[in-house]
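Go ahead and model the full structure; you've got the sequences and the hints to work with.
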Amino acid sequence: MIQKELRAVILIELLLPLALTLFGVYHGVLQVLYRAGVIQDLSFLGIGYYQGLTAHGVINAIVLTTFFAVAFGNAVVSQCLEGGVSAPAARIGLALMVVGTLVAAWPIFAGKADVLYTFYAPLKAHPLFYVGVVLLVVGSWVSFWAWIPGYRRWRKNHPGQKTPLAAVGIFATFIIWQICTLPVAYEVIVQLIPWSLGWTPGVNVVLSRLLFWFFGHPLVYFWLLPIYVMYYVTLPALAGGKLYSDFYGRLAFMAFIVLSAPLGLHHQFTEPAVSSGYKFLHAALTFLVAVPSLATAFTVAASLEHGARQQGGKGLFAWWGKLPHFDSRRWLFPYLFMGLVIFILGGLTGLINASYGMNAVVHNTSWIPAHFHLTVAGPIFLGILGMSLYLSLGLLGKECAAPRTALLVPYVWTAGVFIFSAGLFYGGLRGVPRRTNLGMSFLDPTSDAYRPDWVIGEAAAAVGGCLMGLAVALFFYVLVRSLFGARSQQAADSFAIPMAAAYHDEDVPAVRNFAPWVVAGVIAILISYVPPLVQVLGANYPLASG
Amino acid sequence: MQTAPGTPDVEQRILVASLLFAAAMVALIGYAALRLGISVPGCVTNVKPFATGELIEIAPGRYEAHVVSKMWVFKPSPLKVPKGAVVDFYLTSADIVHGFYIDGTDVNLTAIPNAVTYTQARFTKPGKYPILCHEYCGSGHHEMYGQIEVTP
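Going down the list, the sequences are from chains A and B. Take 1 as the starting number for the first sequence in the working numbering and just add one per residue. Take 1001 as the starting number for the second sequence in the working numbering and just add one per residue.
These are computed hints drawn from the structure, not numbers from a lab. Every value quoted in this text rests on a predicted model; they were computed, and no experiment measured them. Careful, some of the hints might be misleading.
If you only want the chain A side, here are some residues facing chain B, beta carbon under 8 Å, derived [stated by the list, open to error]:
id, residue
1, 42
2, 205
3, 248
4, 287
5, 291
6, 429
7, 434
8, 440
9, 531
C-beta: ideal position from N, C-alpha, C; glycine also.
Below is the structure:
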């Protein structure tokens, strides 16, 4: 049972960022139109291209994902650990996140922070942009800390019992988050804010990039692991079956604690200051972190098969038909299932990007957003949409007012994101740059830089992007209609996130505790990051002021 | 359906297969890097950042290109080299971070102020190759491009 005093906290954490996401998605649609040359301008309706691109990234990839991880974490920890969340601390965390978001929103919408969500120095934003981001992150830390006493209490009261898998997944998510945000906090607080205020003359750019990418890749596991929790516990329940193996779920989460951080240099292959040997080490470790994802793909598929066979599914593949793909009473299912389908391509293209020398073919081309829209705008965004709708209606005791439309959303989105990414993959291999207002130069037939060979890829991306926009519009239609529906106190009181039992319910001591895995993770970080850090600091680059 | 005892063998096999897959991929990348020379830009600290861009012919068919990127141009541009030329690219930035991507080649670098990025390329096919800034660098980013012309 989710604690009653947390309901309002969780609802705000779900609905506030979703409201902002309306703008984030609006500007996603605008971007594909700019890039295809449909809008040939520096700005549209008062929002600049790069200003909107900043808002699109910050809202969709930082604000929405962080709020959702905290909201879902609050719900899971509260439900699994029997009231394990300190409500006052959760409220403080929420307040910090809301204030941080508003503080960062002002410079973005005032056009004083056109630095994108990567905020690469020495591009300079208004100091409040950095302050807001810090407050948002600190708020998420406080929300995490609000679970720790409850976790300890639960362990003490349940000696010899395994911590519920969903809670393990959520704690793994936030352990990774806690570790990876420390260097970027150093970058923002020590390097960027004083420089942005004019107190220091410049920034050690190479160091700032090393610190940023220490954060930038584990960030994607912070986005992804709450979705993995849904795949492991909720999806098998929706399919009418059990989780195939409890141990492999735990092992995957523990492996991510160890492996998610020591590989950030694969974002920095094209940069100076770090030797090729360490770049190679990080490339190799990136392949190692694919292993828990491959194991997850198997376990989740096996769980789905188990569920389908319980419902009478037969044959080698025919059991797929017994999954509730089109059952509007279980409209949450395709949000998770289609996310998995999208992630097959998202994961594989990620391995291509990490492939060391091959990265030179795709680095910073439109291939990269094609890839990460199949991850963050695939399983992650669909999981967030579906679970936000499910959780907020459940906590309010309301019914989904348009279940068939709700069921349609993930399919429209999947069609859209596949067409969008196909266009950007195609263009990326032909040199189309990412993060670029193409309609003002390369896709302007009157420009001397015009590239007719880039038109078709961007046209496909525009069609796909508009379909994605349509899917989100349908989603908000369902959400708003449902929120205005009748409320049942009884339904709200009995609401719980669906969680499947395990089919193979092994008890393996090695995955009982986080501590050894955290220690292993810290050692892996020291091995992979201390020498590059020494190289960067030893090169003694002069500060850059921008 | 009751709970099944023990750890499923099939998952162990999947885990081993995944590890072997990862190892095989890493081995192939290592082979490409060490034997075929398909690598990434390394650490260059013996070249001081420079303020002016120039193309220097250091020997017949051997060139050094010192490229300065700044909002929103590459200097020098266009670069002219003959077919078959081997060019050492040294890249820096005079202001913020820029990208340096020679379309149709594997030259893909990041320009960082006060630091130098290096790579080498051989141009075997004559033609005009666009040089693109593919890292966001402010309001004129989409106008930042140059050219390298390989003469027959």
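Hints, verified against the model:
no.	hint	in the structure
1	42	holds (7 Å)
2	205	holds (5 Å)
3	248	holds (5 Å)
4	287	holds (4 Å)
5	291	holds (5 Å)
6	429	violated (11 Å)
7	434	holds (7 Å)
8	440	holds (5 Å)
9	531	violated (11 Å)
In this structure, the hints that do not hold are numbers 6, 9, in rising order.
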